[in-house]
Each structure stands twice: as C-alpha cells, then as structure tokens.
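S.K.: Heads up: the sequence lines are chains G and S, in that order.
To convert a position in the first sequence, counted from 1, into the working numbering, add 1410.
To convert a position in the second sequence, counted from 1, into the working numbering, add 22.
Just so you know, not all the hints are guaranteed correct.
[As the list claims (entries may be wrong)] Capping the alpha-carbon separation at 27 Å, the derived lysine-lysine pairs in DSSO-like fashion look like this: (1) Lys1508(G) - Lys148(S); (2) Lys77(S) - Lys148(S); (3) Lys148(S) - Lys68(S); (4) Lys1432(G) - Lys68(S); (5) Lys157(S) - Lys147(S); (6) Lys198(S) - Lys62(S); (7) Lys191(S) - Lys77(S); (8) Lys209(S) - Lys198(S); (9) Lys1432(G) - Lys77(S); (10) Lys1508(G) - Lys117(S); (11) Lys1504(G) - Lys157(S); (12) Lys1504(G) - Lys164(S); (13) Lys1432(G) - Lys1479(G); (14) Lys1479(G) - Lys62(S); (15) Lys62(S) - Lys1508(G); (16) Lys1504(G) - Lys191(S).
[Unchecked claim] Restraint ranges, calculated between C-beta atoms of paired labels, are given here: (17) Ala1518(G) - Leu153(S): 40 to 48 Å; (18) Asn1464(G) - Arg69(S): 54 to 62 Å; (19) Arg83(S) - Ala1518(G): 46 to 54 Å; (20) Asp178(S) - Asp1544(G): 32 to 40 Å; (21) Glu1441(G) - Ser134(S): 32 to 40 Å.
[To be verified] If you want a taste of the chain G side facing chain S, the calculated C-beta under 10 Å gives, among others: (22) Glu1454; (23) Glu1492; (24) Asn1494; (25) Ile1495; (26) Phe1502.
To be clear, the hints were calculated from the coordinates, so they are not data collected in a lab.
Since this is a predicted model, take the numbers as computed values, not measurements.
Beta carbons: idealized from backbone N, C-alpha and C, even for Gly.
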Amino acid sequence: MNIQTLANHLNNLNDDGHTGFKFDCYPISGEVEVLQVNIVNREEIPIFVSITDNQILCISYLWGEDEVKPTSRAAMFETMLELNIPMPLSAFAKIDDKYALYGALSLASSMQEVEQELAVLSDNCLEIIDEMSDYLV
Amino acid sequence: MGIFNKILTAFRGGATEVGESIIDANSTRIFEQEIRDAEKHLMQAKRELTDVMAKEMQASREMERLTASITEHETYAEQALAQNNETLALEVAEKIAQLDEELTEQQAINQSFSHNSARLKELVKKTERQLADYKRQLSMVKTTASVQKATATITDSFSTSNSKLLNAKDSLERIKAKQQQFDDRLKAAETLEGENSEQSLQSKLSQAGIGEQKSNANAVLDRIKARKS
C-alpha cells in the first residue's frame, strides 16, 4: 500500500465504490507524503492520509483551539471522551492547536477497507461538528 | 519520565515551529541501534542457554551413571563380605568411595549448570520483554514524528495555495447546503418526472375518449339551443 496506488484507486472509483461517495484526491509532497482526499460535495472537510512504518493514518481536522468557547472546553472534552468508544472506527485527537478525528488501519488493509474508513471518518466528522457546535464560537 | 510524557513534551515544545522535526532523527537512530544491540544480546543469551541446558543434561546423565555404579558396587561389596573375602570387599569399598567423590563433584557441577540456566532463562525473558517495550516506544516516536511531518506538509500546502481550512461550523453549513441543494434537485426531478407521466396518462385517456372530454363547437351549440327552447 502506498499513497500513489491509493490515490489512483480512489480517483478511478467513480460510481463503482462501495460507499456511494466520489473521491477526488491528490498527493501533497513534503518530508512525508500525504494524500489529500476530498469527498465530492464535502470538499470543506478533507481527509489526509499518510502511511507510516506500521499503519495507515487517516486524519481529518475538526476545529482549532480558537474556535472553542473557553467556557465550554471542559464540557467538550467530556463529550469527546464519552463519544470516543461509540463513534465507529474513528477516535478524537489533537495535533498542535487543532482537534482532529482519525482512524488507523493496518498496512495489510484492502482498498475497500480504506474506502470504508474514509467514508465513515467523513460521516463522523459531519456528525461530530453538528453534535458539538454548541461548544464552538 | 515515561515515553508518553516525553513525546508530549517534545511535541508541545516544538509545536510552534512548523516544519521543524521535533523528534530528533539522530536519537531515533540511536534508539534503533539500541534495539538491534538488544536483539543481538538476546540471540547470544539464547545460544548460551541452549549450551548450558545441554551440559546440564549431560551432567545429570553422569550423575545417574555414577549412582547406578555405586549401587552396583555396593552389591559387589556385600557379595564379597558374604564370601568372607575382606580384601576384595575393601577394594570394592575403595572404588565406592572414589565413585562417591565423583558423584559429589558432579552434583556440584550440575547445580551450577541448573543455576546458570535458570538465570539465563530469566535474562532471556527479561530481554524479550524489554525488546518488545523498546519496539513499542520506537513505533510511538516514529508515528509522532510522521504525524508531525505530515502536519507540516499539510500546513505548507495550505499556506502556499492561499486556501485556508475553514472554520468547522461554516464548513458544515456549506456541506449541508450542498446536500440540501442536491436533495432539492433530486426532488424537483422526481416531481417533474411525476408530472410528465401524469400528463402522458391524461392524453392517452382523452385519445381513447375516456374521462373529461374537451368541449367542442357542436356541444356548445346544442347547449345554447337547449337553453332557448
């Protein structure tokens, strides 16, 4: 599994995917190669995929620290912890000053599993932002 | 300080400098070297353990042989005594004494081997545990570094393309609006299709002269005539 083959697979899916989504993705080069995956009509919340030595990481940024109402911070954390287990396949994270949702997959995952992961992660993101918008400015 | 805290400290400390690798590549390499060394030590310890265990088995076989030989000679001595052959009995007794001495020696050797193999087994177990722990820690450090680099890559890409990750609520609103638009279009298409099929049915019916008929001139004339009379 590498970024390029994953990108090709997702871009060529068109309507043959298992998730009902269309993917539009392109690699971003840097010290670590990252694949930006846009789901058509959900371009505002992209998913970033990187492949490490032992896992495939799919990360989506939710909001920045500056978007959190200071008085709601503790309640937001509490809700995140409570939702962490029920939320399918994804988990909460914080990277620098941004909150994120992520899913980690085994390097042996099939393309279909990655596709499924991306779809669920995107659904989770929308759900979470909707659910937690009271905590945000 | 545990590995979790080290990672957090490193992460927070360098988080302001985007693009700079916070987890030092050099220290990762040193850590990897340590793991390789530990693996080598483990292999050596295992080889040594096999060796010691083999010697332990050898020693215990030798002990068995000596014990059997002592028992055997004791019967000889008894038999010699039964024949009143004191000289022979004494000779056998001397042999037994010698065997006894050898047995004691062998026991000491065996004990030292047992002790050694127990120690080595413990060492192997401990090293294996430590190695697994090192590997887990290394994977954590590497993943952290990789996420960091990925974040830097993403941040760079966004700042060069002048686009910006939107605020979460705005993003959601836009996506919902797009979804709504899509749904509306779908509904409109459905309604339109429905109307079309209704119309076509209507026209088929009227062609067949079923249902409400269009009024024609003759019918109007008939109606007027009827009113006059």
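S.K.: Please go over all the hints and tell whether each is borne out by the structure.
M.R.: Here's how the hints hold up against the structure:
{"no.": "1", "hint": "Lys1508(G) - Lys148(S)", "verdict": "40 Å, violated"}
{"no.": "2", "hint": "Lys77(S) - Lys148(S)", "verdict": "23 Å, holds"}
{"no.": "3", "hint": "Lys148(S) - Lys68(S)", "verdict": "12 Å, holds"}
{"no.": "4", "hint": "Lys1432(G) - Lys68(S)", "verdict": "54 Å, violated"}
{"no.": "5", "hint": "Lys157(S) - Lys147(S)", "verdict": "15 Å, holds"}
{"no.": "6", "hint": "Lys198(S) - Lys62(S)", "verdict": "58 Å, violated"}
{"no.": "7", "hint": "Lys191(S) - Lys77(S)", "verdict": "73 Å, violated"}
{"no.": "8", "hint": "Lys209(S) - Lys198(S)", "verdict": "16 Å, holds"}
{"no.": "9", "hint": "Lys1432(G) - Lys77(S)", "verdict": "68 Å, violated"}
{"no.": "10", "hint": "Lys1508(G) - Lys117(S)", "verdict": "86 Å, violated"}
{"no.": "11", "hint": "Lys1504(G) - Lys157(S)", "verdict": "24 Å, holds"}
{"no.": "12", "hint": "Lys1504(G) - Lys164(S)", "verdict": "17 Å, holds"}
{"no.": "13", "hint": "Lys1432(G) - Lys1479(G)", "verdict": "34 Å, violated"}
{"no.": "14", "hint": "Lys1479(G) - Lys62(S)", "verdict": "54 Å, violated"}
{"no.": "15", "hint": "Lys62(S) - Lys1508(G)", "verdict": "42 Å, violated"}
{"no.": "16", "hint": "Lys1504(G) - Lys191(S)", "verdict": "18 Å, holds"}
{"no.": "17", "hint": "Ala1518(G) - Leu153(S): 40 to 48 Å", "verdict": "23 Å, violated"}
{"no.": "18", "hint": "Asn1464(G) - Arg69(S): 54 to 62 Å", "verdict": "29 Å, violated"}
{"no.": "19", "hint": "Arg83(S) - Ala1518(G): 46 to 54 Å", "verdict": "48 Å, holds"}
{"no.": "20", "hint": "Asp178(S) - Asp1544(G): 32 to 40 Å", "verdict": "33 Å, holds"}
{"no.": "21", "hint": "Glu1441(G) - Ser134(S): 32 to 40 Å", "verdict": "56 Å, violated"}
{"no.": "22", "hint": "Glu1454", "verdict": "4 Å, holds"}
{"no.": "23", "hint": "Glu1492", "verdict": "19 Å, violated"}
{"no.": "24", "hint": "Asn1494", "verdict": "17 Å, violated"}
{"no.": "25", "hint": "Ile1495", "verdict": "20 Å, violated"}
{"no.": "26", "hint": "Phe1502", "verdict": "14 Å, violated"}
The structure fails hints 1, 4, 6, 7, 9, 10, 13, 14, 15, 17, 18, 21, 23, 24, 25 and 26 (numbered hints given earlier, in ascending order).
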